[in-house]
Each structure stands twice: as structure tokens, then as C-alpha cells.
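K.L.:
Each chain, written out:
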Amino acid sequence: MIFWLIAIAVTAIACVALFYAAGPRLVNAAAPELDDANSHFRLVLSGIDADVAAGKLGEGDAEAARGELAREILRHNAEATRTRRARGELGRVPLLGGLAATAVLALVLYAMLGHPEMPSQPLADRPEAAAQSVDLESAISSIEKALAANPDDLRGWTVIAPAYLELGRYDDAAEAYRRIIALDGATPDLQTRLAQSLLFATPDAGSPEAMDLLRAAAASDPLHVRSRLYLAAELTRRGDYPAAIAAWNDVLALSKGDEAWLPAAQQGLVVAQNDGVDPGQGAVPTSGPDAEMIGQMVSGLAARLAENGGSVAEWTQLVRAYLVLGDTAKAQAAFDSAVTAYPQAFDRGDLDSLALGAGLTIKGATP
Amino acid sequence: MAGAGKQVSIELGHFALILAFAIATLGTIGGYAYWRSGQRIAMVLSQAAILQFVLVAIAFLALIQAFVTSDFSLLLAVNNSHSLKPLIFKISGVWGNHEGSMVLWIFILVTFGAMVAAFGRRLPSDLLTLVLATQSLLTAAFTGFTIFTSNPFLRVFPAPLEGNDLNPVLQDIGLAIHPPLLYAGYVGFSICFSFAIAALISGRIDQSWARWVRPWTLLSWVFLTLGIAMGSYWAYYELGWGGWWFWDPVENASFMPWLAGTALLHSALVMEKRNALKIWTIFLSIITFSLSLLGTFLVRSGILTSVHTFASDPTRGLVILALLALVIGGAFFLFAMRASTLRQGGLFAPVSREGALIINNLFLATAVGAVLVGTLYPLLLDALVGTSISVGAPFFNLTFGALMAPLLLVLPFGPLLAWKRADVVGAAQRLIGAAALAIFCTILISALGGVSISLAPLGLLLGFWVAFGAFAELVERSRIGRMPLGESIRRLVGLPRTVWSTALAHFGMGVTVLGIVATTAWETELVTTLNPGETAELSGYTIDFDSFGQQPGPNYMADEARFTITAPGGSTRQTLADRRTYVATGMPTTEAAIETYGFSQLYLQLGEPLNDTHVVRIWHKPYITLIWFGAILMALAGVISLTDRRVRVGAPRRAAKLASEPA
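Protein sequences, first through last, are from chains A and B.
Heads up, the first sequence is in the working numbering, so the first residue is 20 and it goes up one at a time.
Heads up, the second sequence is in the working numbering, so the first residue is 17 and it goes up one at a time.
Bound conformation, chain B alone (with noise of 0.2 angstroms):
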């Protein structure tokens, strides 16, 4: 039998993802027909979602199973992969193409799926058969979409010996890590949406709903930071252009999912504390997931071109949007019909952390309105106009900055105000030492690097204030300073996780500011021509071009240079750049030297051989790293917050022991 399995996987591979397909149709119908119906339902569904995520993990692993045998007999194998490729970009060239990524997706999906119907058994009956039934709505269409528009499974006969290799720019180990995290931020947002859905049809939305909803957020939230992070790194260090974050349309389809699940997040949390904001809350999970979708249209439909465009086809584009409508339309119909009908709950004055919470969702909603319309108008009017125009850097980062300095402002003040009412005068008092250190922290700065007047200073005291008005909270609730020691640290130590995630997860907005400021504005930038023996110097560092040569690597003939560099304080370091042209598609790639000195880097990449000599780039990027650090750290803080009582449905046990210890 395993002989036999062996002999057929990848045909066994293309049904099981049809029967995925099947069961996922069939558990559709049931679920909507059948909602109201009690347990057996919803414990058909939990099988059924369970069952999906086992058949689709064989379909995946048969694609696996065939790259890395290199069975040129599957048509994706051959159009991307190739018997030399090393055995890790054989796996991840399984989604380096658009159907394998489109399984992928479907992939995680239905991990998601089945997570609700393993950790689901709790939920009320008619909410888990919604929200299963929302699931395999969006598993139905998704791999109906790759079955009949996008095969991975469609079949060579007779097989060729060789395959055409994976696009050079993605045989990289970001391609291991990228689209997993981002996918997984993105398709976590579905279990949201199918959450709201679900609240729609049976209308029951309460704070039990909150409870449920908020882990799935902060989890799809986590990854999709993560995601953001590792792909804004690799192009950084990939596509050679030494720059961190292009406002590229790619970027903001995922950029956008994370400004509205972010603002879910938060309003979440109002609806879970205080039952209020409840058709808000609603309306945000519907957008983050039709945000998701619409990246995922943008993206795979060929519309854009860009490294992640693998293949146009008009048709795709056309199911996608279809599939778009369908779900963004249907969805916002239902909120249309039924959102009058829900209870708005809990009220509160404007001054309170709920108004807080407020002020943060308007922000970040309209900055998602902003980066949508930066995105979505050049589309628009190329396609209905047929004019061509491009909104570049400057647009985003003039709307979209604007927007979030006065977020930033406000936000070390959130964590202070106390829920229903509260008092801005204190909570402005309490943050006085932390506007001090700020204040200090720039001047102090600005002074030693004798910055000229500029904005630079204002974007590192806006830095500084987020990082450490972050604190304040802390600061505040272990009264540090107006009891013993011993005590204080007593007090944090007992502080819920939430109070520290929040705490952690604005230090790391802070820190991803400062970065952000702190690179714009000092950056140095050196291109220059260079010969072995030749020396470079750039912001206090030197540069030796030691020696050139020629390498073969695996599945490439690389062109290295290896450079020697001084830093200001007399250490040296060997480092490599290479140009790379790869045998099987003759295409070149850039590997940059990239040297970390504390959080600032050194950028080194070798340009196009030129007459006898070699064009060298080199920048300087001062404290680049916290602008990635900033965002593990924020992403860090979600698992925290992951990992509290609070949001961890289903855990008595705990809360009893917690009862039991002396307060």
C-alpha cells in the first residue's frame, strides 16, 4: 500500500484536494440549512472542518513530495523547480508560483478551521455550526478557485528531464518564511470574519463573542506583524535597492489588513471589557477579512506586476473579484439587514479609555481609507480611464504621516484612562516624566549629532514619547517611587499579562518609529567604482575592495567580491556581495554584504561589471534594525497578551488557582 501511495501521490494529492473541495460544499449547505439545528450539526462541521485540514495537508505534502523528487511529471515542478535546486528552496518553490501559493493559502485556512473545531467544542452549538459553515464557504471558494482556474495538479506526459528553476530573486530562505507568516495573518482574519458572520445570521453578539474573537485577532495579528516584518526585510536585503518599505501597491494590500486589525484589536478589546462598540467591532472584522481578500486579489489576479506577480491571467482575475464581490458584498448585505437589529451596549463619556479606543480606530481606519485610496485610484482610472499615473512615496508618506503623528501623540495617554470615565488632566500628569526623558532624549540626541532644523527632531521626540510614555502604565500601577521597592516589583510581577503586552507592544511601536526617523534622516549613500586594492569611506567607515573572483554555487555561477570593513572604532570584518546568474533561467540576482554594527547597518552591493571595474553601492543605515526590532517586539507582546487568562476561553482551572492564592 505504501508502495502504491507512493506510485499515485500526486494524483491522491489532486483528490484529496477535490474532496476537501466537496466536503467543504456539502459542509456549507448543511450548515447554513441546518444552524438552528443544535449539536449534531455543528459536531458534523468540527469533523468536517478537521477533515479538510487532513486532505488538504495531503494534497500540500503531495506537492511537496514532488518537488523534492523533482517529478517533472507535475506541470508546477517543472515550470518552477529543478533537480539541482537545494532542498529547501525545492519546498518553498512549492509556493513560489501562484497555484502552489493559492494552496498555501487554502492550506492555512483550513488549519485555522480546524483550530476552531478542536479548541470550538465550548462555543454555543448555532454560533460554531456559522461560524464552520462561513468556513468552508470560504474553503469551497478558494479551492474551487484553484481547481478550476489555478491546478496545481495539472500533469506532463511525456515528462521532461529537467525543469525550468524557480524565479532567482525567490530562491532565498524569505520565501520559507514570508508567505507562511503573511498568509497566516491573513487568513487567521477569516476566522474573524467568520465570527461576525456568524454573530449576523444568529444575532447573538455579546461579550462572550469578544472573548472568542480577540485571540483569533491578536494571533492572525501576530503573524501578519511578523509576515510584514520578514517581508519588508527581504526585499531590504534581496532586491538590492537598500531600501526598507517602497509603498509599493503589494505592501499596502498587506499593509492595510494590519492598520484595520489592528483598530479590531483594539476595539475588541471594548467590546469585551465593556460590551460596547459592538456593531463597530462587527463592521471592522468584516473589513480586516475583505482587506485580506482584496490583497489577495491585488496581488494574485495580475493586475500588479511586481515579484510577487507570478502569472497574469485575465480569468483568474476575473473569479477572484467575483469570488471579492461575492463575499465583501454578501457580507456587507447581511450587516446591511442585520446590524440595526443588534444591541448597542455599554456607555461611556468621550473622555475614557473607550474614547481613546475610539480615537485610535478613527485614526487607523482613516489611514487604511488613505493607503486604500493610494493603492486602488492609479488602478482605477488606468482601467477606466486608460490614464496611467503613479502615487508614489510621497503621497503615503505626507497623508499617511499626518495621520499617524497625532495617533502617536495621543497614544502613551490610551493605557492611562480609566474605562467609562476618566480623568485627562491625571493621566497627563502621570505621563510628565516620560514627556521629560522624551524631550531630554532628543535634545540630547539632536545636540551630539548636531542636527540642522528640520522635522527629524520632531519625528525622534514623537519616537521617544510612544517608546517610553509606554511605561507609564506600569510605572503607575506598581506606584514605583511611592512604595517600597520590594513592593513595586511585587505589584508588576502580579500585573495582568494584558497591562504588559500593551506596554511591550507600544515600546515596539516606539522603537519601530524611532527607527523609521532615525534612518530617514541619517541615511548616507555612496556609489562609486571600485577595483580590488581600492579603498571607500562612508560615515566613518572603510571600505577595502579585497579581491574578485568567480564561484559556482548549486545552482549558480556567482560573481563575489569580497570587501574588508573599518569601522569607525578600528574593529574590521570580512564581508562577501555577490551578483549571481542563474544556470537553468540565466537570470541575475544581488546578494548585498550587509554588516550590523548595534542597531545600524552597513549596505554593501556590487553593481554591473563596467569597463575593467565594478560600480560598488554603499549606504549607511543608522539604527535600521529597530525599525524590525520594533515589530518583533509588538508581535512578541500579542503572544503575551496570547497567553493571559483573559483571552484563553476555556480555562477554569487557572482562574480557581488563581482565586485560591492569597491576595
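Chain A on its own, in the form it takes in the complex (with noise of 0.2 angstroms):
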């Protein structure tokens, strides 16, 4: 509707514009053309004669200009005789006509192409782009303090719950999704949900009873990814790689092939299958016998590598171990080694990006 109304004053005043201008002459508009040849004919002789003064035409040449300018001017006269009879000045119906033809053809025509309901949006001040920036933080707190009025609202709990999650406040997370599951009954998804924040709030020292939310909402639905991710990467973390290489195994059987977490899982598998050691995670010792371990079983992944080949995953383990390991130019080595084995830059994926964003360069392939 504003726009509609900028528009409509943007019109009009064009239109008053182009009325004004034809408004002063409405009176006398007689002949003022002869006066303009005049005057510029005048101009011309004056020109003749400040040459003729400043030395640069001579007597001769300024008689024959001045000569040729009468001549001009007789013409001009009779031919300005003869064309004004010819005139009427535009009367005020054609030009009002011509006015309003214009508003209307500007509006249907933009009526027709314009999108008049459409904001502009600049990148700043896009929600979505704000969204990162926007202030949560008050946001929350306003929810808050509808929540302690209300704590059966159900739809507070549930914007505010995933909120803390996202903000790290775990508690209060675990808080929220409790209440959520008091008032609305569990679901999968939400014991999943809580069991994170639960095992989020205490990272180190593990959560019995997340553990068996987890449990409980995999039972409850065998098809459920969410909570057998958790479940596995949890018991990896405690140690116990048996029971985690089961849980992996039972996860990476629901997948398709296509699915975000899928990396992941493989990689949890593989942590697992070697005793909890990461082969591509910095959280590897340096120093001490367990470098030596991880040192012996780089080595073997290298041996094997260098000898049979293997998949770009693999040669991305090795590289990311040496790089965690400190050992640039091994890991230059290994790197060169992937470029040879996959000369094509679209087949090597992520490795590029790794190698490269960790100051290797790329040698001897195709770009």
C-alpha cells in the first residue's frame, strides 16, 4: 500500500511538473521564435566583428560574412512567414490529455509488471542471514518469563527447548525436554533429545540414564538413526569398541548411502575397530608410548596403502594422521602419492581441501 502511494506521488508530481512548464506561456505565447533567430544572428555578428578586432579575419572575409549572414537572415525571415501559419499553440486539452495518458500508462503498465507487495532485502537485514547474529539471547528470556507464568505451555517449552541446546545451556535443555515429555509423552526424538543434552551437560562423566533413554527410544523404533548414532559414539567414548562396533554396524545398516551423518558413522566404526584411536582426530597423544603405537599403526596403514592402493577415504586417514602427527613432509608424501593414485581433482573430494588448507601443494596433476 505505501508503495502504491509513493507511486501515485511520484506521478503526480511529474504530471504538475510538465503542466507547470507549459503554465507561464498560457498568456502570450506570440512568436518569441523570430526573437531567438535574432538574437542569434546578432550573436553570429558580434562573433564576425570580435574576430575582425582580435586580427583574425580580415576586412575582406569579415564583408563577405557579414554579406552571407544577410543573406541568412532574409531567408530565414521568409521562411519563418511562411511556416507560422502553420501554428496554435498546444491548448490545455491535448496537453491534460497527454498527462493523464501518461499516469495511466505508467500505472497499468506497472500494475501489469511490478511485484508492488515485494520489500527489498538487503543481505544485512535478512532474517535468515541474521539469524546467526539476531538476539536470541532477549528472545529467550522473553519466553522465559512466559514460561514461569505458564509452565504447562507446551509450544514455549518446545521453541525454547532446542534454543538452549544451541546456546550450550545443556540444564536447562534437559529441564526443557523433560517437561516436554511430561506433558506431551515420549517420543523417540525427544528421549533422543534429552539423552544429548544430558550427556552434553556432563561430557566426560557419561549419563546411566541417557544411556538408557537411548536404549529405549531404539526400541521403540527400529528405524530410528538419531538414537543409535548417539548410543554408538557414546559407548565408543566409553571404551567399550565391542559393543560400539555393534552399535556402529547397527546404524550404518539403516543407511542408504546418501545420508549427512553417514562419514560420520564410518569414521566412529573405524575409530572403534582400532581401539578407540582416531586415526584422522587430533585428540591422538604426541608423545609417549601410545604415539608409538599410533606411529606403528600409521606406518601400516602407509605399508598397505603404498603396496595395494586403496580408496581416497583411506588416503585422506593417512594424510590427516601425519598432519596430526606434525610430520609435513610425510604427509606431503602420502599426499603426492593420493594425487598419483587419483589424478583427477573431482575424485579426490575433500582431500584436496584438507591437504591444501594445511599448506601441502598439489604436484604433477591436472588441475
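Each hint should be verified, as a subset may be incorrect.
[What the hints assert, rightly or not] A short, non-exhaustive set of chain B residues, derived as facing chain A with CB atoms under 7 angstroms: (1) 26; (2) 34; (3) 42; (4) 56; (5) 59; (6) 60; (7) 85; (8) 86; (9) 449.
Hints were generated in silico from the structure; no laboratory data involved.
Ideal Cβ placement from N, Cα and C applies to all residues, glycine included.
Join the two chains into one complex using the hints; note that each chain is given alone, in its own frame.
P.N.:
Okay, here's the thing in C-alpha cells:
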């Protein structure tokens, strides 16, 4: 609506300006044409005089020029008399008609082509883009106030629980999920969320309650992936590798092959199979007997890959392991071998970003 | 209201463009219907021209704002912008695409229209009405084309969070300068066109008409000269081929209006001074703008594939072709109907200033014809027969060169000939000094350079001849050597600025010719593989490849090669050539390292990485900057000529002041 007001105002201003331009001449419009021409000829004449005065034009030339000018004036006057008869000033009716037609044409065309209801959306003002920076805290505190007044507001808890989780307020999140379950009954999703909150709240200690919740969720829905993922991850963390391997396999069995969580699950399985050592993650000790053991494992992987080759994922694992161990030279060598084995950048996928991000260079491959 | 304005800025811009279209449409109809009706319609159309300017400016600013604020609810911004792009490229990206460049075109068109309205109050009202009606016709045609086939204000819902970025080749300061200059040149000639149409309809064509047209011709010509020179330099440094002119159809498309505009500039001179060549001047005005339109058509229709072709849409091509046919066809029809009723003016002998300017016009017009044939023939053949041939540089170099050589040969004579009837022997005598100097310089350079028998010395001779000959008129009119020096200098200072501008423009032409000849004849090139630490040598320059590394830019990753260049004189310079890969598009560009030594340049380009080494192309381009330097001199001469009293209509005060000065 505001747009149409502005558009109509702009159109009105334009029309008034055009009408005004015709205005002062409405009273008297008697042949100013001739004055125009005469002043022009006077200008030419004074130009000739000035040239003579400045010595740029000889007297003879000046005489000729003046003669030519005189003939020009005569011709012009004859012509003006001839054409003046056809004159008749532009009247009010065609002028107003033209202005009305202009306004109608513009407004109708715009109505057909424009999107008056669509506001501008500068990136800085976009809610999606601003979601990260939007004042979440104040939004939450207002919901909290509402919940304090009405603790049975299911919708309020449902909104605030994931926000707590997002903000890292895990105890509050757990409390919120408990409320939701109490108000609305348990579902595998809610149980998993609650377990997630509990586990995050005590990252090192673990939580038997959470494990129970996850098992319950998995049991109640044989296709529930999320609960199984957390279960497997927690088992791995606790060092219960045989159970973890079973749990990871359990999750992987549910995969169709294109899920976002699939790489993480495969990685988890590898870690569990390696008795808790993630050849790809930084959480490995770099000194002491453990480091020695890891070093042996990595060199075992390197030897196997050097001998039999392997998948891009395995090469990635090896490069990452070297990088974690701080052995850039070997990482570069492993990367070079991977590039030789997979010369197409397309096949190497994330390996390139890992390697280039860590300061390695691509050699000898087609870009 | 301001907040609301910001909220609806894109739609307001859209509406402003449509309102401008409506005003232009009604203005055209009203103007042609009531042009005999005196002052009132002229005042209304003047106001309409200024309104069109304001409205299109609003539309243009709305687009710029959307790009600057990364408003991806605008399809144009999605397709051509990116939130990470530096601010200057966000702004220039507005016209780095088909739709936006049409808005720029229209913006410049209405700017010129508003200038006519603002400065044209003294014009006879019927002429003013017809000129503005014709400008309105062009505005309506191109605004309509833009709104209906290439609307830049299309919206996207829901808006994506990121845009697709601008073609990396266009992410350069050149895009901020080259198109606006070139368009100002192209579009400026629309004023001459409108004046020609007004003259044909009203039958009013006299010296005052020529006085009115000449400043617009000059202004447009200055812009076009700079625009072409800038485009040439941009292609030279950005495309990484080291060439400065490719006879690419798109380049030809801008060059043809320049040639025709140059001819127009000279013929308008004859008309202004001698009231002769009227019909020819009208014809050239139409031709020049028609060639500008043809250029726009060739570039915008997608017929040609080049960096200038943003989108190929056959409908657009057809619509532009129809517009072209309407405007050009209409103009020529009018010309055919009315030209015979125009009165021919001033008589003159074949050997005279007028005659020399006719020679100039003949050669330039023929050159336009040659370039036109070379540009259109392959296109027509392809369209009609389906045979694809390529008319390349050899054709143009031969035909164009063959036409320009005699023109350059007689060029210095022109300014020395008197109007009406002249003495060619006398002019030749006055040029002996320039000729001797040119021959001396040529022999000197050839001897020093050890040039073998080739065309190069002839080219040099021609260049020097034009350059030195340009000053013959100054020497002649100041009577240097025949008078006390002080008196000569006083005379020099007192000369009309047009004499100076003529000399400077012709000198600039000579300088450009020298640059072309020198770089063509003595350019050296080296393509080699280099690794950091290695060294190459070319034409006495030593190039050390210091290091190679990766460096992130704002929206690209760059492979950077650093070089140290040691000049023959021993001075060293650090320089940097890189290859950039743009994040959003993955497209690569090369940024050549160009070092200027005097007027010569050393040009280094980093090629693709190749098995542990780097391909490096190095060119030594002797005196290449003279090409653009000459163009700048020509443009400067145009500006000087513009400031001359003679072409500033409506400045009686200055004339009066001059008259009161003691002679």
C-alpha cells in the first residue's frame, strides 16, 4: 500500500511539473521564435566583429561573412513567415489528455509487470542471514518469562528447548525436554534430545540415564537413526569397543548411502575398530608409548596403501594422521601419492581441501 | 518516508523506469504532433526530458543500491553479484550484464536529452521540439525494449542467500570506466541524429544548425575516443594476450561510429564555416548514430560471442533488429524524401580547405565501408548460407591500412589550405620543414635500430610526417622565425583554440601511428618455462623468477609469481603476475605484470602450471603506450575545441569582452 502511495505521488509530481512547464506561456505566446533567431544572428555578427577586432579575420573576409549572414537572415525571415501560418499553441485539452495518458500508462504497465508487495531485502536485513547474530538471548528471556507464568505451555517449551541446546545451556535444555515429555508423552526423538542434553551437560562423566533413554528410543523405533548414532558414539567414548562396533554396524545398516551422517558413522566405526584411536582426529597423544603405537599403526596403513593402493578415504585418513602427528613432509608425500593414484581433482574431493588447507601443495596433477 | 523508500527502493526504481517510458512515449507523440505549435510544447518536452533523466537516475540508483546491499531478491543481483565482491565491483557489476548495461545506455541517453533541454532554451522552438521528440522516441524505444524483453527489475522469491558473482574478467576497474565512456560516445551521437531528423522534418538547416550540432559531435567523439582507447588498453592488460587491437567484430562495432563521427566532425566544420556540405553532414549524422545502434545490436543481440556478450536471447536480437530497422530505415526514408528540398550552400574550388575535408570524409567513409563489410560479411554469410568464414586481421590491416596511408599523407595539408580557394604549392612549401624533420627522424631511428628493408620505416615516416605536419599551421600563423620571438609567442597565444586543438588532434594521430608502427615492427616475444630461481632474458631485459606462492584475495585465490626485472640500464623492479580462481564461479583469470619503461612496456604473463614448472610469456613492446597516449591527446584536443568560443553557443559576454580588447 505504501508503495502505491509513493508511486502515485511520484506520478502526480511529474504531471504537475509538466503542466507547470506549459503554464507561464498560457497567456501570451506570440512568436518568440523570431527573437530567438534574431539574437542568434546578432551573436554571429558580434562574433565576426570580435574576430575582426582580434585580427583573426581580414576586412574583406569579414565583409563577405556579413553579406552571407544578411542573406541568411532574409531567407530565414521568409521561411518564418511561411511556416508561422501553421501555428497554434498547444492547448490545455491535449496537454491534460497527454498527462492523463502518461499517468495511466505508467500505473497500468507497472501493475502488470511490478511486484509492489515485495520489499527490498538487503542481505544485512535478512532474517535468515541475521539468524546467527539476531538477539536470541532477549527472545529466550521473553519466552522464559512467559513460561514462568505458565509452566504448562507446551509450545513455549518446544520452542525454547532446541534454543537452549543451541546456546550450550544443556541443563536447561534437559529440563525443558523433561517438561515436554511430561506434558506430551515420550517419543524416540524427544528421548534422544533429552539424552543428548544430558550427555552434553556432563561430557566426560557419561550418563546412565541418557544411555537408558537412547536404548529405549532405539527399541521403540527400529528405524530411528539419531538415537543409535548417539548410542554408538557414547559406547565408543566409554571404550566399550565391541559394543560400539555392533552399535555402529547397527546404524550403518540403516543407511541408504547418501545420508549426511554416513561419513561420521563410518569414521566412528573405524575408530572403534582401532580400539579408540582415531587416525584422523587431533585427540591423539603425540608422545609416550601411545604415540609410538599410533606411529606404528599409521605406518602400517601407509605401507598397505603404498603396496596395494586404497580408497580416497583411506588416503585422506593417512594424510590427516601425518598432519596430526605434525609430520608435514610425510603428509606431503602421502598426498603426492594420493594425487598420483587419483589424478582427477574431482575424485579426490575433500582430500584437496584438507591438504591445501594444511599448507600442502598439489604437484603433477591436472588441475 | 525514507524508511519506506528504502523498503520499496527496487520497486520504486522499476516504477520510475516505467514512468520514464510513459513520459517518453507520450512526449514522442506530442512532439511530432505539435512541433509547429511554438514555445509551449517545447517547454513541456524540455521538462519531460529533465524528468526522464531524474526518473532513469532513480531506476539506476535503485539497481546500484540493490547490488551494493547484496539484495538477492533482485534476479539481476543474484546472477551478477556476490556479497564478498569489493564495493567498486558491486557498483560496476550493475552494468556488467545485458539488462543493467541497457539501463546505463538509457541513462546516458536521457542525460544527453536533459543537457539539450537545459542548454537548448535559445534554440528555435520548432527545432528544439523536434530534437527532443526524437530523443524521446529513442528513449521510449530503448526503455520499452528493456522493460519488455530485458527487465532488470525481475524479482526472486524466496531470495537466495548468495549470488553467482560477476564474470571475473569483468571484475576490473576497466568495467567502471570503459562502458560508461563508450556509451557516452555512442549515445552522444544520438543528439546529432536527432538534430538531423529535426532538420529534415522542419527543413531548417543552416550554419546555426551546424553550430548547434558541432559541440555535441565533439563531446561524443571525445567520449568515444577515450572509450575505445580504454577498451583497447583493458583488453591488452586483462585478456592476457598482449594484443591491443584484434579487429574483433565488437571492437569494429565501436570503431565504425568513431570513423564516421570523425568524418562528421570535419564535415560539420565545413558546414559551420562555409554553409556547404549540408546534405552530406545530415547524412553522416544519421550514419554515425546508425552505426552506434548497429554496434549496440551486434553486441547486445548475442550474434557475436565475446566477453561483451552477456546473454544470447534470439527474441532480444529480433527486437533490437526491428528497432534498428525502424530508426535507421525511418531516418533514411525521411532523408530520401526531404534531402532534395534542402538548399545546397557555399561553393568552393576543388583545392581548398573544403576540398581537403571532403577528401578526409571520402577516405573515412570508405574505411567505414571496408570495416563494415569485413564485420558483417561473415555474419551475413553465416546467417544466409550457413558457411562460416572468418575475416581476420590480415584483411583489415590491408584494406584499412591502404585507405589510411594516403589519408595520413595528405592530412598535414588540410589545415594549411585556405577556405574557398587555396594554393597547394604554397601549402607544400610551408610543409617542407615538417617533411625534412620527419625524414631525418626516420633515417636516424632506422640507422640506430639497424632496421632491414621493410614497411616499418615507411610507417615511421608517415607517423612523423603527420605529427610534425600538425604544427605547420601553428608555425605558419605565428610566423616564427619571420618575426621577433615575443611577437610570435603573442600570436601563438592569441590563436583561436580550434587552431590549437586541430594541431593537437593531428599530432595525437601521428603519435598513435608511431606507436602502432613501432610496436608492430619491433615487438619481441618469449615463451618459456621457468621455476623460481631461474632467469629469462628478452631484448636486454633480465627477468628473475623470484618466488611462487598462493595468496587469497577478497573473492578469489591467486597463484602469485614474483619477478625482478633488470632493465638494460641496470635499474631493477619487483613485479607480480598472478592467476586467480574466483570462489563463486571457479573461473580463472590472468593478471599480467606490466612494467612501463619510458613509452615501452614489458609484459609478463603467468601461464598454466605445467609439471612442476610454470609457463611464462614475456613480451617487450616498444613504444606501445604511444598508441593510447595519442588517443588521449586527440580527446584532449576535442576538449580544447569544446571550450572555444566558436562552439559555445549562447556566450555573447565572452565575445563582447574579446571585442573590447585592443587588437
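K.L.:
Quick check: which numbered hints come out false for this structure?
P.N.:
Going through the list in order, the structure violates hint 9 alone and respects the others.
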